[in-house]
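Protein chains in written order, with my numbering: chain A, 240 to 524; chain B, 2 to 203.
No lab work stands behind these hints: they were computed from the structure.
A portion of the hints provided could be inaccurate.
What the hints assert, rightly or not - Among chain B residues calculated to face chain A with C-beta under 8 Å, some are:
| hint | residue |
| --- | --- |
| 1 | Tyr81 |
| 2 | Leu84 |
| 3 | Ala91 |
| 4 | Ser93 |
| 5 | Leu94 |
| 6 | Ser111 |
| 7 | Asp114 |
| 8 | Phe183 |
C-beta atoms are modelled at their ideal positions from N, C-alpha and C, and glycine is treated no differently.
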Amino acid sequence: MIPQSAIRNLKPEIDNIEAIEVPLLVEAVYRRWGYDFRDYAPASLKRRIRRAVASEELPSVSALQERVLRDEACLQRFLDQVTVSVTSMFRDPGFYRVFRQLAVPLLKKRRSLRIWHAGCAGGEEVYSMAILLHEEGLLDRARFYATDLNPAALDAAREGIYPLETMKEYTVNYQATAGKGAFSEYYQAGHGHVVMRADLSKNIVWAQHNLVTDASFNEFHLILCRNVMIYFNASLQERVHRLLYDSLAKDGLLVLGRQESLQLTPHESCYQALDSRERIYQRIG
Amino acid sequence: MTPHLVVIGASLGGLEALRVLFRELPSDFPAAIVIVQHRAMEESGELAMLLGEAGSLSVGFPLDKERILAGHVYIAPPNYHLLVEEDHFAFSLDAQENHARPSIDVLFESVADACGPSVTGIVLTGTGQDGARGLATIHRRGGLALVQSPREARAPQMPLAALEAVPDARQLTLEEIGQWLFQLRIAESFECGLRNADCGSF
Ligand SMILES: C[S@@+](CC[C@H](N)C(=O)[O-])C[C@H]1O[C@@H](n2cnc3c(N)ncnc32)[C@H](O)[C@@H]1O
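Next comes chain B alone, as it looks inside the complex:
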């Protein structure tokens, strides 16, 4: 069984935001987290290190066809698109999308296809509009759409684009997103848990 997937897309300012977000995550986190951070060329190694220090979860770049496991944080390596198929990762060297490779849309759309409702998509700070279309697909397939509040984001364009594409998405501060993630642990079944909690409007 594939665990619940939390997919996160970030660009400019993302490193800082992710650090805040991950500070509190428990080591028995019941979902898998997959991150696309733009321009991670140099930063992604740094990102893995930072997150590794910050939390107690296992963090790293996935390999082709690697199985997705709960309690792991996976970071898209530079220069490849990262996709999800069934219960594992896949890669491609297809052209950039939204001037990016890895692209958030590519990951999000594949995740929506593979996992339908057992997905939480999160768009954080960033320039450009990568992630907006992917978040809409996640939402359409019954997944949960969260967007960092543009007021809080260092670069509000990406959250704004995501909110325009998914007007029903939940606008939250990093702290609130952290709480959402934390709830995953408390909720016995993520779906029921979150849905009963307070996303009646979804």
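Pulled out of the complex, with its shape left as it was, chain A reads as follows:
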């Protein structure tokens, strides 16, 4: 039997080895496939890489590196593990409520609206915004560009099919946003799933876009980038903030996630807070 103390001495070894392996894996993925996770926030990235190793039933991060270099199907599984597409409809209802009050009057002044959902995951956030704009009479003049790094998430978003059991939570969320109708008007229920109403998505373009490596591609009146930059380290956040800024019209709106704030970025002075609690900012400079 191995004495307890020997095991304890071994474990820090493994921690140290992983600290070497993780950057190597990330570098390998970048060089082989062009997906750049090198400037992701390290603590949660490491957890997700460990999960990928476990779900591939491999003994080490190095073994995952070997497989992902050679096997494209493994890359897609890796992307699913490493990008986090947890999302929901009307997440943070308070945001949508305040958005109705403060942002909608500004948007109503424009004849056409270009909206970018950067990091749209499975599309829930985009359908939520489409429903809100429909209720405010703005859907017809809006054009949505919904982008994500993960092609599998985009495929799901395009279909607009969601598990029936999530609707209960989303209905509660919707009601808390001061919704003007009944949430059930916006989807058709099938066996165990729902399909979002087709007219909601007629103005949505779904496309792959990597905030790390791709450039600005249009000028927008509203950009939502919620809960995406939390996965980036501070210097990558700075670069992506530059990209978002460059993609915003002069008094366009930027929306961040609940724990994100412009306060801690060098772009703070380019915006004024429309509602700092709900992270709605307007470009001023």
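Following the hints, complete the assembly by docking chain B with the ligand onto the known chain A.
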């Protein structure tokens, strides 16, 4: 420099326990305190308020990449995992762990990684076993492991699980944990202070 970190995990009964713990903390507390309290959906706001009333420390939810400062109490906001990297906070929306988000293990393991020995991990009352694995990691990396005495805890499962994972952890009542925290102020250097005091066995 990152201050010494005190990380606390609690679940059922945690609000009450934290109140007891924080009553005595001085405003010039030399460490930073980070709390994960389960099912804090409604409670976490309440928690911040209570603690704000109770002590003279500054209490609140941290923001992404916010720098960790001594004398501050940080509470994990609902629905995100809270992690520590180098000298700042990070968040993730990864799946629940131990049926929880925020999860105590996620915080504790990141803190053990980032800060090694200059950490005190504390597991308080609660159901389930979140925190046990994280406390073991903190201990393994040279940090200090404290567990609320299961006899005193309103829900003993979490302390029991933590003690099983870290048999060397110190079992203390809330009052004793409060005293440990208080010592941080007296000890000129926390590490020497505590280590000389009476954790020879660590
Ligand atoms: C947690 S989800 C956020 C979804 C939604 N915005 C929300 O707040 O509910 C994060 C999304 O960001 C995407 N993502 C991560 N890195 C990205 C990158 N470099 N470029 C574009 N999207 C990225 C992930 O694929 C994932 O779908």
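Structure-based check of each hint:
no.	hint	result
1	Tyr81	6 Å, holds
2	Leu84	4 Å, holds
3	Ala91	5 Å, holds
4	Ser93	4 Å, holds
5	Leu94	5 Å, holds
6	Ser111	4 Å, holds
7	Asp114	7 Å, holds
8	Phe183	30 Å, violated
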